[in-house]
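Student: Quick note on numbering: the sequence shown equals residues 1 to 268 in UniProt numbering.
It is worth saying that the hints were derived from the structure and are not from the lab.
Predicted, not measured: the structure shown is a model, and the values here were computed from it.
Ideal Cβ placement from N, Cα and C applies to all residues, glycine included.
Some clues are possibly wrong.
Pair ranges (Cβ atoms, derived) [stated by the list, open to error]:
no.: 1; residue 1: Gly185; residue 2: Val222; range: 18 to 24 Å
no.: 2; residue 1: Glu141; residue 2: Gln30; range: 48 to 54 Å
no.: 3; residue 1: Arg251; residue 2: Ile211; range: 15 to 21 Å
no.: 4; residue 1: Arg228; residue 2: Arg251; range: 56 to 62 Å
no.: 5; residue 1: Gln30; residue 2: Arg228; range: 49 to 55 Å
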Amino acid sequence: MTDPVEDDAAGVHERADGSGDAADSTDLEQLREQVEQTYDFEEFGPADMAEMEREEWEAVFDPDTWITGAALIDRVERDLETRIATREVFARLERHPGPDGDRLLAYSDEGYAIIDPNGSVEGEGTVLRDVEPTVALCSMEEYEPPEPPENPTLPDPEDVEAGSGELGNTILQLIAGAQILAGIGLLGAWVFLDLQPDVAQGDVVAPAVGIGFLLIGVFLFVVVANARLSDRFRAEEYRDRLRAVEEAGERPEFVPQLSNDGDDRRGE
Numbered sequence: 001m002t003d004p005v006e007d008d009a010a011g012v013h014e015r016a017d018g019s020g021d022a023a024d025s026t027d028l029e030q031l032r033e034q035v036e037q038t039y040d041f042e043e044f045g046p047a048d049m050a051e052m053e054r055e056e057w058e059a060v061f062d063p064d065t066w067i068t069g070a071a072l073i074d075r076v077e078r079d080l081e082t083r084i085a086t087r088e089v090f091a092r093l094e095r096h097p098g099p100d101g102d103r104l105l106a107y108s109d110e111g112y113a114i115i116d117p118n119g120s121v122e123g124e125g126t127v128l129r130d131v132e133p134t135v136a137l138c139s140m141e142e143y144e145p146p147e148p149p150e151n152p153t154l155p156d157p158e159d160v161e162a163g164s165g166e167l168g169n170t171i172l173q174l175i176a177g178a179q180i181l182a183g184i185g186l187l188g189a190w191v192f193l194d195l196q197p198d199v200a201q202g203d204v205v206a207p208a209v210g211i212g213f214l215l216i217g218v219f220l221f222v223v224v225a226n227a228r229l230s231d232r233f234r235a236e237e238y239r240d241r242l243r244a245v246e247e248a249g250e251r252p253e254f255v256p257q258l259s260n261d262g263d264d265r266r267g268e
């Protein structure tokens, strides 16, 4: 015969557990609704995944359906090759055999990441930061990695152009030249008319506008010069990074050695 006190205590515990489960379920639903309102899942990508907290993507994605194994490695490889080719990620990508299947190694002069078939990622630096959201996204059935270009390799350092905004710089130069010519024309006309004895003196509008045009033109030329210097600096910095991961095919010292027969795929 059971003790009525024990039965009452058991009932209280069951009701408490039930209340706790209901509260957790309500919190999860609220978090899921909040995440669905914040992110556009039709255009969801690695950048969005990087912004999400772990609790948020666990609330909206079912972990029981996550992809692992060789399929995950293939998907991550495709996605990273695409992001490398579009310069979203700066890394050199290699595929190496492992005890549980192929692994991926992505590295640059600022870090590395090792992706295992079970979805775990280890590493350091900016590469790890860029790779983690890609792995999480590729493990979900809802996401389809884009097809990479035919040759997603790092460019030769000498092939890197100084800048891609030359058209914009040329347009700004034309506008600046027109402003300066207009300013010179207004000032010249003002001086010419001011020397005429039959023309009223003391006009200050024309010289003020002319000086304004000149200042705008000079300012635009300075902007163009600064943009070109910045482009050259960024291009040279990028070439230095390329050389750091290209020289003699050697990895930076902090990158671990996985195997000697990796399938090397480089990218930027």
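Student: Hint by hint, say whether it matches the structure.
Tutor: Verification of the hints:
1. Gly185 x Val222: 18 to 24 Å: 22 Å Cβ-Cβ, so the 18 to 24 Å window holds.
2. Glu141 x Gln30: 48 to 54 Å: violated, 25 Å
3. Arg251 x Ile211: 15 to 21 Å: violated, 59 Å
4. Arg228 x Arg251: 56 to 62 Å: violated, 34 Å
5. Gln30 x Arg228: 49 to 55 Å: holds, 52 Å
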